[in-house]
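*Asks:* Sequence:
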Amino acid sequence: MQQAELNPEQRLAVETTEGAVCVIAGPGAGKTRTLTSRYVYLVRDLGINPQNILCVTFTNKAAQEMKARIRAMTGDLDLGQICTFHAFCVRFLKDEGYVIGIPKDFIVIDEEDELELLNEVYETFGIPGNLMKFSAAMDVIGNFKDDSNYIRDLVLTSPESLREKALQSPDISDKVFYGYLWAERKIFGLDFDDVIWAAFYILDHFPSVKQKWQERLQYVMVDEYQDVSNDQAALANILSELNGNLFVVGDPDQTIYTWRGSSPAIMLRFPKSHKNCRTIKLMQNYRSLPAIIGAANSLIRHNRDRFPVEGVPIRRDADPANPSLVVFDGEKTEKESLAWFVKALLHLHKAGRGWEEFAVLYRSRQSSRAVEEALVRAGIPYRVWSGVAFYARREVKDSLCYMRMLTRGDDAAFLRTVNSPKRGFGPKKADALKVLAMREGISYYEALKRHIDEKPFNTKAIREYVAVIEKARASAAARKVSDVFNLIMADSGYEASLQLSGEDERLNNLAELRQAIANYESDADDPTSLPEFLQRASVFAEDIGEQKGPAMKLMTIHAAKGLEFPVVFLWGFSEGIMPSSRTSTMEEMEEERRVCYVGMTRAKDLLILCHSQGTSEASTFRYPSRFFFELDRNLVKLVRPLEPGLEESAKEALMYKDKFLTGEPLESSSWRPGDHVRHKVFGDGEIIAVAKSGAMTIRFPTLATPRTLMAGAPLERISTAGAPTVADSSFSGAPVPEPSAEPGVKDQK
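Numbering-wise, this note's numbering comes out as the position in the sequence shown, counting from 1, plus 8.
Be a bit skeptical, because a hint or two may be false.
Each computed BS3-like pair below joins lysine-lysine, with the alpha-carbon atoms no more than 30 Å apart [what the hints assert, rightly or not]:
| hint | residue 1 | residue 2 |
| --- | --- | --- |
| 1 | LYS463 | LYS442 |
| 2 | LYS479 | LYS430 |
| 3 | LYS340 | LYS141 |
| 4 | LYS645 | LYS659 |
| 5 | LYS688 | LYS340 |
| 6 | LYS69 | LYS488 |
Please keep in mind that the hints were generated in silico from the structure rather than gathered at the bench.
Make the full structure from the sequences, and use the hints.
*Replies:* Now the structure itself:
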């Protein structure tokens, strides 16, 4: 990449190397090109050693892509400091963790391990599952881990003391939190929150360590800054504090990971919180045609928490007299929508589009089922991209846990492997072993070895399991990681069990894991080790597509972030789907709008918004997404005209929803329980409840169960409770189809 290939704003971002720099980069603005060019400029033009540059990305995939681009421009450089936050912190703790007692071979706990530990906590401390669900428990633990102070408890308190704290805690939240710390501490495992906060804690409490790393990292660059959490932002700040050279790039309009701790406010406040910050805007969009950019701009402008910037199209329509438009297809039923979808695909494919040029994006995975079935029936090749991450697949997790048994032999790895394949080690044996391990203060595996000659553990299968682990342990340090893997897979019988069951997909995943190990060994400059590979695997996840050859791509919008496709179908463009029916605050609605914005801006040439009316899961009428009504309609082509009254009815229903989201007092509803009403489809009925949002629950004699209808549903008043009959024609223009329950209403009885 030559500097001449950059536009003026990109070049300014590349060459502004000193001080705090905040780059707002819209979709298709060449963010990655700018970031890699800046790295090359620092190294090649200014002579900065790569070891003095930390470049943090959001995913391992992005880090690998950036390394590949930089090497293409500079040759074979040591680019070890281009990584994710978690990978950097794991490396940092291997070097500096000793100051607070963290061993070099600590275990990195992923999300599945967290659930295993939580299950152990519930069993050990007698916490009923119905008292606090695992999801709520993880939220509680996350709330406790809102700063680095808890690290003292985790690493400086003995497992026995943490266990006692949990036992003595009268509050369920405290019991769960300290129980979880106990489960982590006794295996010396750190989850993804821990590695960030532990690194921050060391930097904050050990001045000599902080000075060493601040002097080393003269330039800190953070990619996808809109997705960082407060702890990650704090870490970047403290690392760059001495030299002051902190470069961040991102787009608050694409903040779609608030459930992971990110917030648009983090980037919005960056220019004010960093002295003499230089703000640079990259808004020229090289990806999409003008109609797509214009429609996306008209949507995101409805958000309040954002920089007042908009994308500027660089591409032009092939025929200015006949400009391309965003397409909206609103069918009456899902079946009709799928039929039109397949017909459109076949038409575009016949016109010269390859299958690999199409992508179907959806808000949640469950929306893919109908699309997949339609594609199968039509014989159209497709690949689902946003499935289970590679390192989270069952057979991969099992294999890695077998390898973990050769290093620390932690309890989570033991419980996952001891009965896989089946060895007759069920819950009763596990419970008996846990009692022994707890009493003797040792791991489950050490307890099993100590009591292997006693009932109920003295079975042939369990003895063989211990023998396999001990044999592999004895030679693991002297073998290559690939040899260790092959040995444990063969001797344990795990791979043979998959072959016996005929699970080809799982066997293919084992083959892919073998390839990952081989790549690790060939890429490493220094001799490889099993603990180091396991640490690497714990922070590295990747989705692998199984189907070969040209194929359509199906994925969630979140999975599509950072990607682009010539033709995009945005599926489920309906209220209650996009935005989600779970949206309950205006802040959440702004995030839903950002999700939609990200989906729209993946399209290069053609964007098609797909909505079907029909009925929702609640058996109520489904309106088009509110985002459809926020678009610049001059840029949208309707496949067929909207039904008369549909837009007015939808907007009235959405007005009530917006007031519910903001907490704004609602006008007193004219409907009361006991009112008798007439519905054009359901017939006559009686209102039995009215929610604060204006939604009504109505009993219709023609239906077996009551229906919940939105405020603004097409109703005619027959009579008012305790009053004479009154006609009400305010909804006379509403459509005939069944109205929908207001999505997201939580206080509805």
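*Asks:* All hints, please: hold or fail.
*Replies:* Hint check results:
1. LYS463 - LYS442: holds (14 Å)
2. LYS479 - LYS430: OK: LYS479 and LYS430 at ~20 Å, within 30 Å.
3. LYS340 - LYS141: Violated, because 39 Å separates the two Cα atoms, which is more than 30 Å.
4. LYS645 - LYS659: holds (20 Å)
5. LYS688 - LYS340: Since the Cα atoms of LYS688 and LYS340 sit roughly 17 Å apart, the hinted pair holds (cutoff 30 Å).
6. LYS69 - LYS488: holds (25 Å)
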